[in-house]
Amino acid sequence: MIDETQAKGLGLQWQMLIGFLVGLGAGLVANAAGGSDARWVEIVTTYVTGPIGQIFLRLLFMLVIPLLFSALVVGIAEMGDVAALKRVGLRTLFFTVLVSSLGVVIALAYANLFQPGVGFDRALVT
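So in my numbering, spot 99 of the sequence shown is number 82, and the numbers just go up one at a time.
Derived from the structure by calculation, the hints contain no laboratory data.
Derived SDA-like pairs (lysine to any residue); straight-line CA-CA distance at most 20 Å: (1) 69 <-> 56; (2) 69 <-> 54; (3) 69 <-> 57; (4) 69 <-> 79; (5) -9 <-> 1; (6) -9 <-> 2; (7) 69 <-> 55; (8) 69 <-> 59; (9) 69 <-> 80; (10) 69 <-> 81; (11) 69 <-> 58; (12) 69 <-> 52.
Per label pair, the in silico range of CB-to-CB distance: (13) 87 <-> -2: 34 to 40 Å; (14) 9 <-> 92: 37 to 43 Å; (15) 90 <-> 26: 38 to 44 Å.
The model shown is predicted, which means the values in this text are computed figures rather than measured ones.
Cβ coordinates follow ideal geometry from the N, Cα and C atoms, glycine included.
Using the sequences and the hints, build the whole thing.
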């Protein structure tokens, strides 16, 4: 049964899909209308979509730290038992070090396997 307090209209996933498709369509139209050679495309991306995107990202980043901090504080406060808190803290530290080390090993293996930058003339780099 549908709850009466739910918002009417499309779900968030459909709104995101529609926004993605509208953006894709607008990008294809802009590319077909002149691509990167058109001055109006450069003006729109520099003075309209660029600043709006930066504002959106900065607002999003501004929310992340307080949300993480409050989630940690509430989690620690509800934990109650100091021994359980120590166990969870040590386990979290262990997995953080393990995953970070694994990431470094994988990155080094890929760098040695694919050797990015080999064959490029260093004189061309400014």
